[in-house]
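Trainee: Each chain, letter by letter, is given below.
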Amino acid sequence: MSDELDELEAESESIQEAADAMVELQQDGTLEDLTEAATAVSLLADALDDEMVVEVAGLANELGLVAGSATQPNTIRTLATMMDAMDEADTFENPEKVGMMGTVGKLRDEDVQRGLGFLMEFLGALGRQIERRSEGYEQAEN
Amino acid sequence: MTERIVIVGGGSGGTITANRLSEELESEIEAGKIEITVVSANPNHLYKPLYLYIPLGEAELEDTRRPLVDLVDHRVTLVYKRVTEIDTDGKSLAMDDGSELDYDYLVVGTGAIPQPEETPGLGEDEPGHHFYGPDASENLRETLANFDEGHLVLSVIGTPHVCPAAPVEFPMIVEEWFRERGVREDIEITYTYPIQRLHGVRPTAEWMVPRFEERDIETKTFFNVENVEDGTIETLEGKELDFDLMIGIPEFTASPIIEEAGLGEEWMEVDRNTLESEHAEDVWGIGDVTNLPTSKAGSVAHYASGTLVSRIASEVRDQVPTATFHGKTICFIEAGTEEGTFIEFAYDREPVVRDENRFLHWSKLGYNEAYWLTARGVM
Numbered sequence: 001m002s003d004e005l006d007e008l009e010a011e012s013e014s015i016q017e018a019a020d021a022m023v024e025l026q027q028d029g030t031l032e033d034l035t036e037a038a039t040a041v042s043l044l045a046d047a048l049d050d051e052m053v054v055e056v057a058g059l060a061n062e063l064g065l066v067a068g069s070a071t072q073p074n075t076i077r078t079l080a081t082m083m084d085a086m087d088e089a090d091t092f093e094n095p096e097k098v099g100m101m102g103t104v105g106k107l108r109d110e111d112v113q114r115g116l117g118f119l120m121e122f123l124g125a126l127g128r129q130i131e132r133r134s135e136g137y138e139q140a141e142n
Numbered sequence: 001m002t003e004r005i006v007i008v009g010g011g012s013g014g015t016i017t018a019n020r021l022s023e024e025l026e027s028e029i030e031a032g033k034i035e036i037t038v039v040s041a042n043p044n045h046l047y048k049p050l051y052l053y054i055p056l057g058e059a060e061l062e063d064t065r066r067p068l069v070d071l072v073d074h075r076v077t078l079v080y081k082r083v084t085e086i087d088t089d090g091k092s093l094a095m096d097d098g099s100e101l102d103y104d105y106l107v108v109g110t111g112a113i114p115q116p117e118e119t120p121g122l123g124e125d126e127p128g129h130h131f132y133g134p135d136a137s138e139n140l141r142e143t144l145a146n147f148d149e150g151h152l153v154l155s156v157i158g159t160p161h162v163c164p165a166a167p168v169e170f171p172m173i174v175e176e177w178f179r180e181r182g183v184r185e186d187i188e189i190t191y192t193y194p195i196q197r198l199h200g201v202r203p204t205a206e207w208m209v210p211r212f213e214e215r216d217i218e219t220k221t222f223f224n225v226e227n228v229e230d231g232t233i234e235t236l237e238g239k240e241l242d243f244d245l246m247i248g249i250p251e252f253t254a255s256p257i258i259e260e261a262g263l264g265e266e267w268m269e270v271d272r273n274t275l276e277s278e279h280a281e282d283v284w285g286i287g288d289v290t291n292l293p294t295s296k297a298g299s300v301a302h303y304a305s306g307t308l309v310s311r312i313a314s315e316v317r318d319q320v321p322t323a324t325f326h327g328k329t330i331c332f333i334e335a336g337t338e339e340g341t342f343i344e345f346a347y348d349r350e351p352v353v354r355d356e357n358r359f360l361h362w363s364k365l366g367y368n369e370a371y372w373l374t375a376r377g378v379m
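Quick mapping for you: the protein sequence lines, in order, are chains A and B.
Using the working numbering, read the first sequence as starting at 1 and increasing by one per residue.
Using the working numbering, read the second sequence as starting at 1 and increasing by one per residue.
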């Protein structure tokens with residue numbers, strides 16, 4: 001009994017601090033919010049099982065890996081530029097029909113030339129990345 | 001002139017460091033001032049903590065690996081070769097195909113290698129099993145599936161070993177697994193540890209005592225395995241223990257190139273705060289290969305990589321490096337198949353082990369799935 005009292009006394013400061021924090025939470029209404037939120041956590045605990053956790057985490061992993069690449073600064077700029085271009089072109093519903101001669105004519109347009117330049121750079125980079133991945137996959141399978 | 005950072009090893013330390021460095025030094029790479037190369041004999045990146053789950057049929061080998069090229073930033077050059085020699089005076093690496101690779105800055109992350117052949121009772125033609133490799137884990141799965149009576153002994157033989165929680169987790173998981181299979185009453189489980197308590201980390205040892213008692217897992221301490229023969233383990237202390245199935249935690253060593261390069265006698269010797277080699281200029285160590293005074297766990301490599309990247313970036317930019325590492329370590333501990341906990345500590349912070357619960361068990365399962373984000377440097 002004496003040991004328990006000693007232990008209680010040693011912890012008295014911690015107990016007082018915990019009680020003060022609880023009173024503060026109760027007075028400002030946070031405790032009520034937390035109590036209500038706790039029932040949602042309880043629901044989650046009852047509803048979840050190992051398989052659900054593994055499935056969701058696996059999906060988050062794959063999305064995260066894509067997001068990790070998609071959020072590189074250059075990639076973001078490129079994607080944003082392409083989306084702006086889609087908005088500006090605004091010809092999805094009724095695009096102009098362009099044949100061989102029309103294409104040659106369009107190629108005189110400096111904006112088209114700049115866009116083509118981008119596509120050529122992109123194709124070069126795509127080729128290099130395909131080569132890099134192919135080598136990596138081939139090595140990994142051996 | 002382009003300076004070259006070479007990272008040896010495609011494990012957690014090497015991969016995370018490569019990805020974070022390529023982010024940090026993006027403008028230097030684009031300007032052609034820096035190039036980053038990872039040299040890895042293994043073209044796959046391995047998530048080794050999953051080996052623990054293979055014997056219980058909870059994971060497959062294919063879950064444990066992904067091609068390195070899928071995880072390493074596209075700005076990093078990958079070289080699929082084995083480094084056979086590090087010349088820190090000439091700042092050059094020799095490869096297994098006879099080629100050489102010069103470096104300006106070198107990061108060594110070659111890991112800790114299990115040595116079952118050097119461990120009493122383990123290795124080919126020996127009776128003991130372990131779960132620190134793909135083949136070993138699969139062999140143990142087959143053995144466990146057919147084990148429905150007798151004495152299972154899990155013996156921690158090698159210290160330090162990687163993934164320090166694994167020997168704690170395995171008896172508790174397998175105990176529950178036997179109960180679920182309805183064979184627990186016919187199986188006796190014993191856990192042994194070389195020093196006079198159940199684990200090197202004292203709070204973990206204290207946490208284990210009541211839990212092992214509740215689960216009727218026998219324990220033996222000050223138990224240093226010397227010889228295993230005819231179903232009996234003999235110890236340096238003169239004790240004997242009979243078994244029907246022995247699972248051992250093997251010895252681990254650094255790659256021999258570390259000692260040959262003069263980077264350390266047992267493990268790579270680095271400053272515990274700066275991760276710089278104590279024996280060579282412009283050389284750093286990351287992960288299990290180092291002699292850092294903490295556990296050999298992936299989380300150490302993860303947290304240390306932040307310091308490493310900052311210091312190397314400072315060197316590249318001719319700034320004074322100021323980032324320091326203070327030993328932050330986190331390990332999950334599964335307490336059976338339905339609950340888990342974790343332990344967190346640092347050089348100057350004592351570990352605390354909380355009571356186990358379902359959410360922490362799910363956190364571990366979730367992290368096992370999402371680990372690849374850590375390797376990619378995202379999380």
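Rather than coming from a laboratory, the hints here were simulated on the basis of the structure.
Any given hint might turn out to be false.
Beta-carbon label-pair distances, calculated as ranges [unchecked claim]: (1) B:E218 - A:R133: 32 to 42 Å; (2) A:V54 - B:E218: 30 to 40 Å; (3) A:Y137 - B:V378: 28 to 38 Å; (4) B:D63 - A:A125: 56 to 66 Å; (5) A:R133 - B:M379: 41 to 51 Å; (6) B:D355 - A:Q26: 23 to 33 Å.
One side of the interface only, derived from the structure: several residues of chain A facing chain B at Cβ under 8 Å [to be verified]: (7) A57; (8) G58; (9) A60; (10) L65; (11) G99; (12) T103; (13) K106; (14) G127; (15) I130; (16) E131; (17) G136.
Ideal placement from N, C-alpha and C gives every residue a C-beta, glycine not left out.
Trainee: Are the hints correct? Go through all of them and say.
Mentor: Quick rundown of the hints versus the structure:
A C-beta distance of roughly 51 Å is found between E218 (chain B) and R133 (chain A), which places it outside the suggested range of 32 to 42 Å. At about 32 Å, the beta-carbon gap between V54 (chain A) and E218 (chain B) stays in the expected band of 30 to 40 Å. For the hinted restraint 28 to 38 Å between Y137 (chain A) and V378 (chain B), the CB-CB distance of approximately 21 Å leaves it violated. The hint said 56 to 66 Å for the Cβ distance between D63 (chain B) and A125 (chain A), and at roughly 32 Å that hint is violated.
The hint said 41 to 51 Å for the Cβ distance between R133 (chain A) and M379 (chain B), and at roughly 23 Å that hint is violated. A hinted range of 23 to 33 Å holds for the C-beta pair D355 (chain B) and Q26 (chain A), which are about 25 Å apart. Interface restraint check: A57 (chain A) against chain B, minimum CB-CB distance 4 Å, threshold 8 Å, status holds. At about 4 Å, the closest approach between the beta carbon of G58 (chain A) and any beta carbon in chain B falls short of 8 Å, and the interface hint on this residue holds.
With 8 Å as the threshold, the beta carbon of A60 (chain A) comes within range of chain B, its nearest partner Cβ sitting at about 6 Å, so the hint holds. Because the beta carbon of L65 (chain A) sits about 6 Å from the nearest beta carbon in chain B, less than 8 Å, this interface hint is met. The criterion of a C-beta within 8 Å of any C-beta in chain B is not met by G99 (chain A), whose closest approach is roughly 38 Å, and the hint is violated. Using the Cβ-Cβ criterion of 8 Å, the hint placing T103 (chain A) at the interface with chain B is not satisfied: the shortest such distance is roughly 33 Å.
The closest approach between the C-beta of K106 (chain A) and any C-beta of chain B is roughly 32 Å, which is over the 8 Å cut-off, so the hint fails. The restraint placing G127 (chain A) at the interface with chain B is violated, with a minimum CB-CB distance near 13 Å, outside the 8 Å limit. Hint status for I130 (chain A) relative to chain B: violated, with the closest Cβ pair at about 11 Å, above 8 Å. Hint status for E131 (chain A): violated, given a least beta-carbon distance of 11 Å to chain B, over 8 Å.
For G136 (chain A), the interface hint holds, since its Cβ comes within 8 Å of a Cβ in chain B; the closest pair sits about 3 Å apart.
In the structure shown, a violation is registered for the earlier hints numbered 1, 3, 4, 5, 11, 12, 13, 14, 15 and 16, in ascending order.
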